[in-house]
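> Sequence:
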Amino acid sequence: MPDLKTQRTYAFVGHGGSGKTTVAEMLLFNAGVINRLGKVEEGSTVLDYEPEEIKRRGSIQPGVATFKWKKNDHFLIDTPGDSNFSGDLSYSLTAADGAVLVIDAVDGVKPQTRKVWQLVQGMGLPAMIVINKMDRDRAEFDTAFAGISDALGARPALLYYPVGSKEQFRGVVDMMSGKALMFGADGAVSEEAIPDEVADEVEALREAMIENIAESDEELMEKYLEEGQLSPDDITRGLQAGVAAGELVPVVVASALNNQGGQMILDTVQSLLPGPLAHKPWEGDEGERSGSPDEPLACFVFKTLADPFAGQLTVVRVLSGELKPDSALLNASNGEKERVGQLLLMNGKEQTQSKTPMGPGSIVTLAKLKNTSTGDTLTAEKSGFVLKKPEMSPQLITFALAPAEKGDEDKVYAAVAKLLDEDITLTLSRDEESGDILLSGMGQNHIEVSVEKAKRRYKTDIVLKTPKVPYRETFKTGAREIQGRHKKQSGGRGQFGDCWIHVAPRGSGEGYEFVDQVVGGSIPRQFIPAVDKGIQETAARGVLAGYPVIDFQVTLYDGSYHSVDSSEMAFKVAGSLAFKKACEKAKMALLEPIMLVTVAVPDSFMGDVIGDLSSRRGKVLGSDSQAGITEVKAHVPMAEMLKYAPDLNSMTGGQGTFFMEFASYEECPPQEAEKVIAAHRKGSEDE
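For what it's worth, this note's numbering labels the leading residue of the sequence shown as 1, then goes sequentially.
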């Protein structure tokens, strides 16, 4: 088993386009895993290999790499930065012992950066930061570095200061050793004296770094105040303790595209991020489990992949114990037994076998497990530990799916259902009201890419439709003394049911209530539930626009029956007729779902975003600005938010993020209600 003290398992995180995959590619090149640097733009990187990733030039699923750096084992998880594809980021972070946050030197800290950082902090992961793209035209190191403390609220410890910027970026100053490391051809590094142009700035930033380190430890702070300086050993020890406690964040600069900074990143990971033995105890559904190799085996399934040749691949993080080839396991989450064959180590889609047992912190891929899904815990048999599943981001958008040819609905459903194993942020359902196949996900891009994948893999022609908004109907006024009478005589036994009802509106969210006030046996007891059922079934189909009627009370107070012709069916029809009459007599209203929408954008876009939300009939509840990023909260009708993602994207140049959740139902404005009712009538006529 590898030396667990020097083993590192970490996740790359950051906003979309910050260059995480390119940085990971640089590390693999420096570690000797690959002999040439691939490019995202050319679709030639190791970790972005799915056709959809190559086409859109960005990660859509986590990529896993295994390599050695200076004889130490490293397991790297490269996570997608686009919010469309990072809904399960908490699962990847659960598999890691530390995080590497990649910030773009051009854009600095973006709203999505802050969202990701909050998740890293919330999960208690020690982290470091890479400021990437130092060679770009508009690279601004000072702005990006200031954003770490201002926008993220982190206490940075700058380990490498850039020499030059934009096309002049040519090296870094190692703040610990006080030497300049200059980049040559193909990433070669040579030591030189610190250039005069940066000497003063380096001295000031070094002082700030030492102060930050001292402030994270009381003992060091006392020593620093007394002596005015700290020894190199003190600085290193303080830095390690501060990073482990989440008090300090080491910062490295790089230009991954030019292979500049890879060695510094790897050395920082090795010296400052923790190994698996330092991980806090794993929290289970019942009790805890320490991450020791001496504990019974437990593995967490954080990702499921589909391989065209090997079929389903299950990617696990070993939490405790030893995972051995050719062993029997128990899926502790569902009680099913599993047989493990080979242990596979991944570099993108390439797989190599491990003949030796793998201990805590290892990222291992298992093929052909039969009853295991993402989020499950695999254990040694009789070891009852089940890891608590991490929380995921809520789904934001739903689209209806239809086959290109009528009659292929089941084929479409089956094809998309196969994606659910590998993408737990998708939900597939059928709308009972409309019969539509509904696919819910993290955004429009997410749904489109998923459908594209289903089409490619399972040769199914799928059409995406904007889904029906789940409107509701309700009573504005009541209706009293309404009769529903069903009488049919057509030879033989007839049908007879007669009931009298009152209908009254109830408060929002109070639901449906059926009150039985029948006395004297005017309706036999066995037929009363049938009246209730007839009313409920008719209410579910709606009367105005085909949407369920909600929040009302029905009182059944009288009726009559026939000793031979009355039946449950006759009274069910009578209840339905009475309810329809009540709807005609009472005033009805169409209700629309209102969403609580939270949008985060750079301050400069705040006016545009608020104006746009208002144009969508939104009511802005308030805004909060912090370190250049404004968060706006608003109540907006769902009907106005169906295509918000691409609109926000174009409005903010891709810098805005949003999420929304259901807030309440409110009455639809008359002109909007008329459109919905007219569309329903037209649809009914067309059928």
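Incorrect hints may appear among the rest.
To be verified - The calculated lysine-lysine pairs, modelled on DSS-like cross-linking and capped at a C-alpha distance of 25 angstroms, are:
# : residue 1 : residue 2
1 : K411      : K337
2 : K70       : K179
3 : K675      : K585
4 : K411      : K370
5 : K68       : K324
If you are wondering where the hints come from, they were derived from the structure by calculation, not from laboratory data.
> Please go over all the hints and tell whether each is borne out by the structure.
Here is what the structure says about each hint:
1. K411 - K337: Given that 25 angstroms is the threshold and the Cα spacing comes to 31 angstroms, the pair is violated.
2. K70 - K179: 22 angstroms, holds
3. K675 - K585: 22 angstroms, holds
4. K411 - K370: 23 angstroms, holds
5. K68 - K324: 21 angstroms, holds
This entry does not satisfy hint 1, going by the numbered hints stated previously; all others are met.
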